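**Student:** Sequence:
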Amino acid sequence: MTFLVGENGSGKSTLVEAIAMAYGLSPEGGTAFGRHETRGTESSLHRALVLQRGLGSGRWGFFLRAETMHGWFTYMDGHGSSRDPDFHAMSHGESFLAVLNARFDSAGFYCLDEPEAALSFRSSLTLVRHTLADD
488 MTFLVGENGS GKSTLVEAIA MAYGLSPEGG TAFGRHETRG TESSLHRALV LQRGLGSGRW
548 GFFLRAETMH GWFTYMDGHG SSRDPDFHAM SHGESFLAVL NARFDSAGFY CLDEPEAALS
608 FRSSLTLVRH TLADD
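Just so we're on the same page, the numbering used here is the position in the sequence shown counted from 1, plus 487.
Treat the hints with care, since some could be wrong.
Derived SDA-like pairs (lysine to any residue); straight-line CA-CA distance at most 20 angstroms [what the hints assert, rightly or not]:
1. Lys-499 - Phe-520
2. Lys-499 - Tyr-510
3. Lys-499 - Gly-511
The following label-pair restraints were derived from C-beta to C-beta distances [claimed, not checked]:
4. Asn-495 - Ser-607: 20 to 30 angstroms
5. Met-488 - Leu-536: 27 to 37 angstroms
6. Glu-529 - Glu-494: 15 to 25 angstroms
7. Pro-572 - Val-615: 18 to 28 angstroms
8. Arg-616 - Gly-565: 15 to 25 angstroms
9. Thr-501 - Arg-540: 17 to 27 angstroms
10. Asn-588 - His-566: 14 to 24 angstroms
11. Glu-554 - Thr-613: 16 to 26 angstroms
12. Ala-594 - Leu-536: 14 to 24 angstroms
13. Thr-489 - Ala-576: 13 to 23 angstroms
Please keep in mind that the hints were generated in silico from the structure rather than gathered at the bench. Here the structure is a predicted model, which is why all the values come from computation and not from measurement. For every residue, glycine included, the Cβ atom is placed at its ideal position computed from N, Cα and C.
Model the full structure from these sequences, guided by the hints.
**Tutor:** Structure follows, in structure tokens:
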């Protein structure tokens, strides 16, 4: 688990977005298989990155991006599976925890941008516990 810490506007989200895109994940959040777009604002930094995975490592990944999750929830209304709850019927924090429970259930690359924006302190600890349990 890696944390990026810095001042507002220092480029943390730009770097996280570039890493997610270089991995092949949707720039507005979700997996590599679901592409929704509301407004293209991505930096071109991902083109300069080269990610290297070990032999036999999977391709599964998920990009949780706080600022675009509402759009992803709407996209999932028409493209989700039976394991997905009605994210819009939940509070902001509950919907993030539901994504955690529904999508972070196997080994993979999970890239999160500002997940704490929606989570209480206790829910943030749940996120960390869930992540560490997979190690």
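**Student:** Regarding Arg-616 and Gly-565, is the given constraint of 15 to 25 angstroms on their beta-carbon distance met?
**Tutor:** 32 angstroms, violated
**Student:** Is the hinted pair Lys-499 and Phe-520 satisfied, with a Cα-Cα distance of at most 20 angstroms?
**Tutor:** 25 angstroms, violated
**Student:** Range first: 17 to 27 angstroms. Now tell me if the beta carbons of Thr-501 and Arg-540 are that far apart.
**Tutor:** 22 angstroms, holds
**Student:** Does the hinted range 18 to 28 angstroms hold for Pro-572 and Val-615 at CB?
**Tutor:** 22 angstroms, holds
**Student:** Taking 27 to 37 angstroms as the hint, is the beta-carbon distance of Met-488 and Leu-536 inside that range?
**Tutor:** Violated, at about 20 angstroms.
**Student:** Between Ala-594 and Leu-536, does the C-beta distance stay in 14 to 24 angstroms?
**Tutor:** 22 angstroms, holds
**Student:** Between Lys-499 and Gly-511, does the CA-CA distance stay at or below 20 angstroms?
**Tutor:** 19 angstroms, holds
**Student:** Range first: 16 to 26 angstroms. Now tell me if the beta carbons of Glu-554 and Thr-613 are that far apart.
**Tutor:** Once the Cβ atoms are compared, 21 angstroms apart, the range 16 to 26 angstroms for Thr-613 and Glu-554 holds.
**Student:** Confirm or reject the claim that Asn-495 and Ser-607 have a C-beta distance inside 20 to 30 angstroms.
**Tutor:** Since Asn-495 and Ser-607 have Cβ atoms about 21 angstroms apart, the given range 20 to 30 angstroms holds.
**Student:** If I claimed the Cβ atoms of Glu-529 and Glu-494 lie 15 to 25 angstroms apart, would that claim hold in this structure?
**Tutor:** Roughly 22 angstroms apart at Cβ, these two residues keep to the hinted range, so it holds.
**Student:** Do the Cβ positions of Thr-489 and Ala-576 conform to the proposed distance bound of 13 to 23 angstroms?
**Tutor:** 33 angstroms, violated
**Student:** Does the structure keep Lys-499 and Tyr-510 at a Cα separation of 20 angstroms or less?
**Tutor:** 17 angstroms, holds
In this structure, the hints that do not hold are numbers 1, 5, 8, 13, in rising order.
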